[in-house]
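A.B. asks: Sequence:
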Amino acid sequence: MANPPHLLKGSQTTIIARVGQVPKTRLPGRRARPGRIRLRGDGAMTSASAIACDAAFLRSAAQVAAAAARSGGQAALEARLRPLDMRHKGPRDLVTSGDLAAQEAVMSTISAAFPGHDIVSEEGNRAGDGSDGQGFSWVVDPVDGTTNYYRGLPFFSVSVALVQGKQLLVGAVYDPSRDELFTAIRGLGAWLDEQPIRVADTATLEETVFGLGSPYGAQAMRRNLDLSLDIVPRCATLRTIGSAALSLCYIASGRMDVYMHPLLSPWDTAAGALVLKEAGGTMTDWQGRDWQFGGPEVLASSPKVHAEVLALLHAALEG
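Numbering (the numbering used here) for the sequence shown: -17 to 301.
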């Protein structure tokens, strides 16, 4: 496995966006409406040979992703030192002043290094200055696990990914509560801080730590719980931590073995999916097809238990 990118700590670290190039001054660009993402191309997570960039560029982009995720986490923690403003975007779906502060910190870091790249974030988009021309976009969830964050629970994260079309190139997921940074570079590996990570070698359901997602909406939540009743009792234990990005990274690092969610957005999964895949994990939709960027259904796991979990899920869906 390749050496990890030089993981950057602290908001004052200078970022070298491309080899030998000092980052340009940040250009804010125009803002687009939140919650919309345009996917170019039709590729799944397949061969790295189709990517029009080299390993040096990817390592530099990984530095930017790591710095952006850390700066977002720092902004979120600082915002929580003051009373948080909160509003509901929908049933059980919150946004706080901390989300917005984290988003601005992430976007500012990315735009300073790559002013030509578009940024798609859960709380609002930012267009690049038009100088890119290669279809690169950053996909950001400034606080994944906002309810946990707002209520003072520790399981929330900042998720930052670079994509080209539907190809995931670089991912960083930062857990501010534990000061843990998960990173991945397409074709080069996945790391927790500076240590390479791999999924657990769990071989049977009886050993499995099963992670269950908590979708928004009473109907979706009830359906997910009902389907899990035919699977979870066969496993060692159940965990529901409330952050999709962290759940995927926990499988990647061997802390969990399975994660099931019916309805995720691209910013929920982009960075964590790359970390999982580069750590040797398996990720499909609920029909067993290889997961593609933007797909809402997720069944992620250690490889040896995936087929059995998928068979039980199919039986539950047909029952």
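Certain hints may be false.
Stated by the list, open to error - Cβ pair distances, simulated, as ranges:
{"hint": "1", "residue 1": "R69", "residue 2": "D114", "range": "28 to 36 Å"}
{"hint": "2", "residue 1": "P278", "residue 2": "D175", "range": "27 to 35 Å"}
{"hint": "3", "residue 1": "L59", "residue 2": "A200", "range": "29 to 37 Å"}
{"hint": "4", "residue 1": "A293", "residue 2": "S79", "range": "41 to 49 Å"}
Hints are computed from structural coordinates only; laboratory data are not their basis. Yeah, the Cβ is synthetic: ideal placement off N, Cα and C, and Gly gets one too.
A.B. asks: Should the hint that A293 and S79 are 41 to 49 Å apart at their CB atoms be regarded as holding?
C.D. replies: Since A293 and S79 have Cβ atoms about 45 Å apart, the given range 41 to 49 Å holds.
A.B. asks: Hint says 27 to 35 Å; check whether the CB-CB distance for P278 and D175 agrees.
C.D. replies: Given a distance of about 31 Å, which is inside 27 to 35 Å, the answer is holds.
A.B. asks: Could you see if the CB distance from R69 to D114 stays within 28 to 36 Å?
C.D. replies: holds (33 Å)
A.B. asks: Given the hint of 29 to 37 Å, check if L59 and A200 actually sit that far apart at their C-beta atoms.
C.D. replies: holds (32 Å)
Every hint, counting from the list given before, is met by this structure.
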